[in-house]
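Those protein sequences? They're chains A and B, same order as listed. At the far end of the first sequence sits residue 306, using our numbering, and the numbering has no gaps. At the far end of the second sequence sits residue 145, using our numbering, and the numbering has no gaps.
Quick caveat, the hints were computed from the structure, so don't treat them as lab data. Treat the numbers as computed from the prediction; the structure is a model and nothing was measured. Careful: at least some of the hints might be erroneous.
Stated by the list, open to error - List of simulated lysine to aspartate or glutamate pairs, EDC-like, C-alpha gap at most 20 Å: (1) A:K180 <-> B:D130; (2) A:K229 <-> A:E90; (3) A:K246 <-> B:E91; (4) A:K295 <-> B:E91.
Residue strings, one per chain:
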Amino acid sequence: MRLASFVLLTFGVLTLQAGEKLEVASLSTILTDIAQNVGGDKVTINAIIKADVDPHDFTPSTSDVKAISQAKVVLLSGNGMEAGYLAKLEKSVGPGPVFVPIGQSIKPILIDPAAGHDHDHGHSHAHPAAGAGGKIPDPHWWHSIKNVATATAAVRDAFIQADPANKAAYEANARAYEKKLSDLEKWARLEIARLPRNQRILVTSHDAFGYFARDYGFTVYPVKGISTKDQPSSKKVRETIDAIKKKGVKSVFFENIENPKVLTEITRETGAKTGGVLYAEGPGKGAETYEKMIKHNYSVIVSGLE
Amino acid sequence: MTGSPLLRLLLVFAALALIAIPAWRLTGREAPAPAVAGDKLPVVVHELALTFSSPILPSGISVRASNTVVATLTPETSPASATVSLPIPPEGLDLVVSATWPATAGQTNALRIQASLDSESLADTTLWGDPDVEDVITVTAPSKP
Numbered sequence: 001m002r003l004a005s006f007v008l009l010t011f012g013v014l015t016l017q018a019g020e021k022l023e024v025a026s027l028s029t030i031l032t033d034i035a036q037n038v039g040g041d042k043v044t045i046n047a048i049i050k051a052d053v054d055p056h057d058f059t060p061s062t063s064d065v066k067a068i069s070q071a072k073v074v075l076l077s078g079n080g081m082e083a084g085y086l087a088k089l090e091k092s093v094g095p096g097p098v099f100v101p102i103g104q105s106i107k108p109i110l111i112d113p114a115a116g117h118d119h120d121h122g123h124s125h126a127h128p129a130a131g132a133g134g135k136i137p138d139p140h141w142w143h144s145i146k147n148v149a150t151a152t153a154a155v156r157d158a159f160i161q162a163d164p165a166n167k168a169a170y171e172a173n174a175r176a177y178e179k180k181l182s183d184l185e186k187w188a189r190l191e192i193a194r195l196p197r198n199q200r201i202l203v204t205s206h207d208a209f210g211y212f213a214r215d216y217g218f219t220v221y222p223v224k225g226i227s228t229k230d231q232p233s234s235k236k237v238r239e240t241i242d243a244i245k246k247k248g249v250k251s252v253f254f255e256n257i258e259n260p261k262v263l264t265e266i267t268r269e270t271g272a273k274t275g276g277v278l279y280a281e282g283p284g285k286g287a288e289t290y291e292k293m294i295k296h297n298y299s300v301i302v303s304g305l306e
Numbered sequence: 001m002t003g004s005p006l007l008r009l010l011l012v013f014a015a016l017a018l019i020a021i022p023a024w025r026l027t028g029r030e031a032p033a034p035a036v037a038g039d040k041l042p043v044v045v046h047e048l049a050l051t052f053s054s055p056i057l058p059s060g061i062s063v064r065a066s067n068t069v070v071a072t073l074t075p076e077t078s079p080a081s082a083t084v085s086l087p088i089p090p091e092g093l094d095l096v097v098s099a100t101w102p103a104t105a106g107q108t109n110a111l112r113i114q115a116s117l118d119s120e121s122l123a124d125t126t127l128w129g130d131p132d133v134e135d136v137i138t139v140t141a142p143s144k145p
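Whole structure, please, built from the sequences with the hints as guidance.
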């Protein structure tokens, strides 16, 4: 109901000429992958944020704004990920494109925005507006395969609303992709089950794996908060080091888009190994689809901690 | 400072030597020892009772814990039972249950797995296969360790 409501409120009636493809712009590599699977040959997707680009650090360029202005549907990760530039972007592109914050269709984990980082080092990223209790949604919803299934349904509905003539195709494609996600989820359960529950401790650069931790019974010790632009607090680094030593954590994990300096120092102080590199913000070189990203991440985590 | 240059030199060396000892203790660091387990609670081994129920008898059932096979059955009746000795940490225990059915069984099969300890239910899950089953059940830690 929530899903249907936000899609209906977001769209006016848009019609395409027969044979014309639906122009889609995507501000998330995850949503680019979902859109390609759901849209198939009925859509043309302009991936504004590319693989291995940090979305926390992204600002659209003039050419990006022009490309977005030519799209009928603009897919956003939502939950504050685009907070730093969205208002200005919507004003710049004018009334044509419809912005669809897919993350809003997903029930978020709420977190303390001040946890894990300092705000006195001159950085300028924005946080989403805090809700009741001062908490904000964790924007990294894609680290739960169930959330990606929900996002798939939201993308399907957005495409149908914009291009009702191809409804059957979008529904069939979404069903096929949801089956793939269901198989991926089963693979994930079997893979993670190799690791005893009392060894499920994940030390990473920034706080991107909360949804993964919730789904599979992990405790995460991120050095930074939910944004890669946060500065790690000395208290957080100390807590991480103490946890590694006390719990006998074997490995820590770098991220493909992050500077490994702080984690490298932590491994020196604790003797923990580097378990491998994880894709935190979406597919990247070597793991070009969501499925490949998940299989890579989970295999690396399990191998590093076994 | 007046006096013998040699004496002055010896005094300087003595002063440096006195400073060197605490300086070395502050800066000379041994490589950190590898991460070792802290004070962990001992994990108790439990006799876990497993019951398997299915409308159509599977040809075979196996149960794995962390890649180690802990039980195999060729059930002759439903429900079938097995007892496994396993440590169950406070975080719980994941078991991978695999079951195969004869070709005549049809395309979709269900297997209900119940785990209990001293009549306390720790898991009650139904797994579905098309036609065979391989999936994870999570056994919660018993209320009395």
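Against the structure, the hints:
1. A:K180 <-> B:D130: holds, 15 Å
2. A:K229 <-> A:E90: violated, 24 Å
3. A:K246 <-> B:E91: With a Cα-Cα distance of about 17 Å, the restraint between A:K246 and B:E91 holds, given a limit of 20 Å.
4. A:K295 <-> B:E91: violated, 24 Å
Comparing the model with each numbered hint stated earlier shows that hints 2, 4 do not hold.
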